[in-house]
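Participant: Taken in order, these protein sequences are the chains called U and L. Final position of the first sequence in our numbering is 384; the numbers increase by one with none missing. Final position of the second sequence in our numbering is 1272; the numbers increase by one with none missing.
Hints were generated in silico from the structure; no laboratory data involved. This one's a predicted model, so the numbers in the text were calculated from it and none came from an experiment. Check before you lean on any hint, since a few could be wrong.
Claimed, not checked - Okay, derived cross-link-like pairs now, SDA-like style, lysine to any residue, Cα gap no bigger than 25 Å in a straight line:
no., chain 1, residue 1, chain 2, residue 2
1, U, Lys147, L, Phe1187
2, L, Lys1157, U, Gly14
3, U, Lys170, L, Glu1174
4, U, Lys90, L, Pro1087
Unchecked claim - Some chain L residues well away from chain U (every beta-carbon gap over 12 Å; in silico):
no., residue
5, Val1067
6, Gly1076
7, Thr1106
8, Ala1127
9, Ile1140
10, Pro1160
11, Ile1164
12, Val1183
Glycine included, every Cβ here is placed at the ideal spot set by N, Cα and C.
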Amino acid sequence: MTGISLNAVSKRFGATDVVRDVSLDVAGGEFVSLLGPSGCGKTTLLRMIAGLETVTAGEICMGGETIQHLSPSARNIAMVFQSYALYPHKTVFENVAFPLLMQQSMVLRLPWLRHLVPNRHRVDAEIAARVDPVCHLLGIDHLTARKPAQLSGGQRQRVALARAMVREPKLFLMDEPLSNLDAKLRAATRAEIIDLHRRLGVTFLYVTHDQGEAMTMSSRIVLLNEGRIQQVGTPLDLYNDPANLFVAEFIGLPKINVLDLHADGKEGRIDGIVLREMPSEIDGVPTPRGAQLHVGLRPEALQLCSEDHPHAMSGPVHIIEHLGNEAILRVSKDAKDICIRVQPEQAIGLSPGRTVSFRPAWERALLFDANGSRLRATRLRAAA
Amino acid sequence: MRLRNILVNLALAAGGIVMLLPFVWMLSLSLKPENEIFTPDIAFLPREWDFANYVEAWTVGYAGTFVINGIVVTLGILVLQYLTIVPAAYVLARKRFQLRGLIMSTVLAVLLIPPQVTAIPVYMMLAEARLLDTYAALIIPFATSAFGIFLLRQSFKTVPQDLIDAARMDGASEVYTLWFVVVPQVFPALAAFGIFSVVTHWNDFFWPLLVVTSIERATPPLGISIFASSEGGTEVGAMMATATLIVMPLVIAFLIARRRFVEGVTLSGIKG
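Using the sequences provided together with the hints, build the complete structure.
Facilitator: Dropping the structure here:
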């Protein structure tokens, strides 16, 4: 199994830096998602690995050898495009067979002239012998005579996967392959891609802007913003232990609540509300004094409480989302929208407009400095 | 509503008759024996059907030669045009290079120049190369087309980049990708251009008149004109038969490809 490593890779289009100094090691057989908002450089990064874009600086290695100078097809990498990019004038079979046909001699590639080649039937049979099992595996063997226009979105997606698989590449690149599918199909295809990865055992690099997709599918996530890696880690690492405010806000649905915290000895103020008896330690860090900080509280890190609790904040509920196994309360506080995840029975009897009191569960709070960097115990100790 | 329909249809029919009348007259004359042609009254149907004019046009005249010349010249031009405009349009549509803006402007500027302007220099070049009165003289000056480059460039711009990238990933060379992946996507534009090119050059009179002197190399319109002047305008029946034979290939082609033709006109209306 071949992995891929990026060493300080950068890409510049004119005066804009699209990808800045990205270093990353992906082990063979891993499923790694490149996640980030649109314009963060994730697709450009993928296209550089594919060889469709040149690298401005840095090095891309596969199996220990640098591959920048190789043409896209020589890298033995397959890519599934967001639009699937099936050849509209070719049948499903011809689409899947195309990468194999391109490995043949020049004459055999030409539409009419190939009929002059004597060993054409043998070559065609060899190609069919590789195309058919792949089509069978993906359940498209009854569609091979059709043109892409006659297929549904899900079927087109499978054809695109088949075309990528047929060459038996060492690395699969996928550029938001699920974004053109409807919600139900997306969930099913997600599971199929995970299954496919397990069965093929090769390395997958998967680009998405959907954090839920990245969380459920990948063994590791690379979160990018403005061309820079924000954090690399397992889905739970990113959720529980975000490196900065951007990561904390990008991962998790509903979004994390971010409140301004000004701690001052025993007293603290969150968004101007005075909290008495502040805990001596938040997020494993001794509560710093006099600093302007941000505290990140995931919806489950807020609890309903009585209004006389020393850390109680309050606001009117404006939306109640009953999800069955849990309920999400959206509470207006000043201009902010606070999300609280509660047990379903706690939401019974609440109605929009009722004022509720809630408090942070400090043991689950995340602490960030004014610039949005995470305040970590280790880092503080190292500084001290 | 019905009255309006009737009026509209009448108006269209009147227009149709005005346009078709010369053709009907041509057909009618070509089928009449000589003594029926110059008569004071008008009769569309010949009293006596006579195909001798066609026999004469084909055997004594050069109708067959004209048609063959027409086919050789128009197809020769078309093939060369496809070979030149496809790569040119692709590069202008898809590649970024320094002189692209300038080259594109040049192509647009060439669209504005009538062929008569360059006729004399081109004629002299052909004369220098001793190519006058050959097929080459009829074909080479039209080996490329600014209109074609422009029309096709607009179509190439609509082909998704992903398709080209996918072909690159699959191992297709750039030339292969262009001809066997990209070109099939713009087939309607190519067909539209082909129709315009064939019609234009089949009917072209000006250029053949300049570079062709012998009747053996004459294209259809020039052929009719040479035929007419050499006969002194007396053999009207044979002339009309020649004209009919010459018009036929285009009319038949039009009837076969009527849908495409209309599509082509609409397409060039939007994109050209």
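Participant: Has the given pair, Lys147/U with Phe1187/L, been kept, meaning a C-alpha gap of at most 25 Å?
Facilitator: Between Lys147/U and Phe1187/L the Cα gap is close to 16 Å, so the pair holds against 25 Å.
Participant: Within 25 Å, alpha carbon to alpha carbon, are Lys1157/L and Gly14/U?
Facilitator: holds (22 Å)
Participant: Against the 25 Å threshold, does the CA-CA distance of Lys170/U and Glu1174/L hold or violate the hint?
Facilitator: Distance ~24 Å between Lys170/U and Glu1174/L Cα, so the pair holds.
Participant: For Pro1160/L, is the shortest CB-to-CB distance to chain U above 12 Å, so the non-interface label stands?
Facilitator: The claim is violated: Pro1160/L sits with its nearest Cβ about 6 Å from chain U, within 12 Å.
Participant: Gly1076/L clear of chain U by more than 12 Å, beta carbon to beta carbon?
Facilitator: holds (20 Å)
Participant: Could you check that no beta carbon of chain U comes within 12 Å of the beta carbon of Ala1127/L?
Facilitator: holds (39 Å)
Participant: Straight-line Cα separation of Lys90/U and Pro1087/L no greater than 25 Å?
Facilitator: holds (22 Å)
Participant: Is the claim that Thr1106/L lies outside the interface with chain U correct, judged by CB distances over 12 Å?
Facilitator: holds (25 Å)
Participant: Could you check that no beta carbon of chain U comes within 12 Å of the beta carbon of Val1183/L?
Facilitator: Given a closest Cβ separation of 10 Å, the condition is violated.
Participant: Grab the minimum beta-carbon distance between Ile1140/L and chain U and tell me whether it stays above 12 Å.
Facilitator: Check passes; 27 Å lies beyond 12 Å.
Participant: Far enough from chain U: is every CB of that chain over 12 Å from the CB of Ile1164/L?
Facilitator: violated (9 Å)
Participant: Check the non-interface label on Val1067/L: least C-beta distance to chain U beyond 12 Å or not.
Facilitator: The assertion about Val1067/L holds, with a minimum of 27 Å to chain U.
When each numbered hint is compared with the structure, violations occur for hints 10, 11 and 12.
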